[in-house]
Amino acid sequence: MPIRWTTPEEFKFLQGEKKVYLTIPSAQKWLFWDGLYERWQIEFPEAARLFPNVDVLTDEQKITVEVEKAKRKFKLRTWFTNNTKADTRTTNRNAPAAHIKVEDALKPTRNLQETEMYSRMYYEDKVKMRVENEIAVMKTPVSKKARVDVVCRALRESYATESDEVKREVKAAIKDRGEARQKARERAQKELDSPISAQEMQENLRSIYKELDAFFASVWRRTGWYFSVVGGGLIPGVTGRDALRCITYHYGRDRHGHHWGQVYPDFAENVQGQYGDYIEDIFVPSPHNADTSGKTTRAPVPEMTQKDLERELDTGSPAPDPSQVSAEASTSTAPHPGCLSQTPAPIASSQSSKTVSSAAPSTSSEPRPQQSTHDALIDPCGPADPTFNALSTVSGQQTAALSIGVTPVSGLAHTQAATPSPSTGSVLAANSNPSVAVQNFASPNWGTAASQPGLVDDLFGPLNYSDAAMFGSQFSSVPFQNTGLPTCLVTEHI
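In full-length UniProt numbering, the protein residues as written are 1 to 494.
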């Protein structure tokens with residue numbers, strides 16, 4: 001066993017760094033080295049080692065220190081190479097499947113050229129001996145490039161002199177290979193489109209970090225970019241809200257060895273917590289249950305752990321279906337993430353956006369594109385006054401949390417609402433256009449009464465409704481008549 005060059009303190013330091021080193025993908029190791037050298041010099045400065053009693057170094061001493069620093073870098077690299085071989089081999093044995101799968105999916109495919117297929121079919125019998133003879137007579141050492149050039153030239157010349165029968169065999173082999181690859185892609189796509197079992201889902205979740213490592217290592221090599229990922233959904237073997245889990249993944253560390261989640265202030269609360277609310281809204285839709293501060297009262301979604309994936313599952317049992325995860329007081333199904341559904345949609349709540357939305361069945365089969373925040377109110381059912389400047393108060397406080405604009409109808413009656421309560425009351429107000437009705441749901445935190453123009457956040461329409469009771473008992477009954485008029489739902493930003 002070679003003599004250890006490190007002191008006990010240095011060895012302990014390197015053992016701690018080794019744990020970090022093993023978690024970093026190969027493509028990012030250079031980031032680790034820069035940080036390691038800096039941390040090493042902070043803990044064990046080379047100048048203090050060489051000249052312990054010298055406060056100010058001479059130019060010659062400074063040169064000596066820099067030379068020793070360079071030697072130290074080489075020693076450190078050698079130490080990690082020698083002391084992580086076993087761990088690296090173990091890690092690499094577990095990773096190839098995911099890495100190859102991602103690489104194959106990203107690389108464009110093409111059929112082989114005729115000389116390439118010819119090489120596969122006849123190289124050993126017809127070309128190899130010629131190549132070896134040519135290389136043997138070369139006087140200088142043969143480089144890899146020179147050897148490749150010899151092989152390529154020999155293949156071209158040999159194939160050019162082949163019979164028509166051999167060339168037909170080569171072309172037929174290329175065609176068969178292309179058809180086989182196409183069938184394999186179609187079969188793989190069919191497998192992707194077919195439902196998976198709970199056990200398959202469990203295995204896929206177990207390897208999710210390896211898949212992410214493989215994917216982002218490939219992307220990093222081609223772009224040089226770093227990434228942070230948050231994800232969430234349902235785990236198998238659990239029902240209801242308890243099935244919800246989140247994950248976070250970071251590809252890239254700074255020169256101190258930290259990823260973004262470690263340097264972002266209150267990452268768990270400001271990122272994971274907010275994303276957990278978003279995931280819950282997608283998979284477990286429920287009525288907006290807000291307190292007077294406008295914050296939801298739900299617990300954050302927990303992060304997935306290995307223990308979550310150790311449950312015994314029945315063979316062949318289906319993977320969790322988001323549409324079967326129901327929330328209290330809601331029978332709606334969750335819309336596909338990122339889509340504006342024109343089917344009956346849930347009343348969703350998000351702590352991060354503080355947006356309330358609801359929709360009744362649509363009379364249109366065509367989905368409406370989502371409008372960006374701060375677009376002027378545009379009624380998809382017909383022309384409407386885009387400013388309405390509603391002035392509505394509840395106990396002297398402005399009520400501009402949620403508004404419903406009704407398509408202009410000549411002679412539409414506007415009736416004052418019943419006496420509202422300060423927290424959930426509602427007041428019907430009309431703007432200068434007597435054919436546009438606006439309803440505002442109260443929130444006692446909006447400040448003193450003031451006139452505010454409506455700004456579109458989400459545009460759902462055209463929609464039908466019977467009366468506002470559809471929004472749930474949390475809101476007071478409203479004075480709209482059972483007209484079945486198309487409506488538009490918007491949120492207002494103060």
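Misleading hints may appear alongside valid ones.
Said to hold, decoys possible - With a straight-line cut-off of 27 angstroms between C-alpha atoms, the simulated DSS-like cross-links for lysine-lysine are:
id, residue 1, residue 2
1, K19, K62
2, K139, K167
3, K210, K126
4, K19, K29
5, K73, K126
6, K175, K126
7, K128, K167
8, K128, K171
9, K144, K75
10, K69, K19
Honestly, the hints are just simulated from the structure, not real lab data.
Q | Numbers of unmet hints, in rising order | A | Structure breaks hints 1, 2, 3, 5 and 9.
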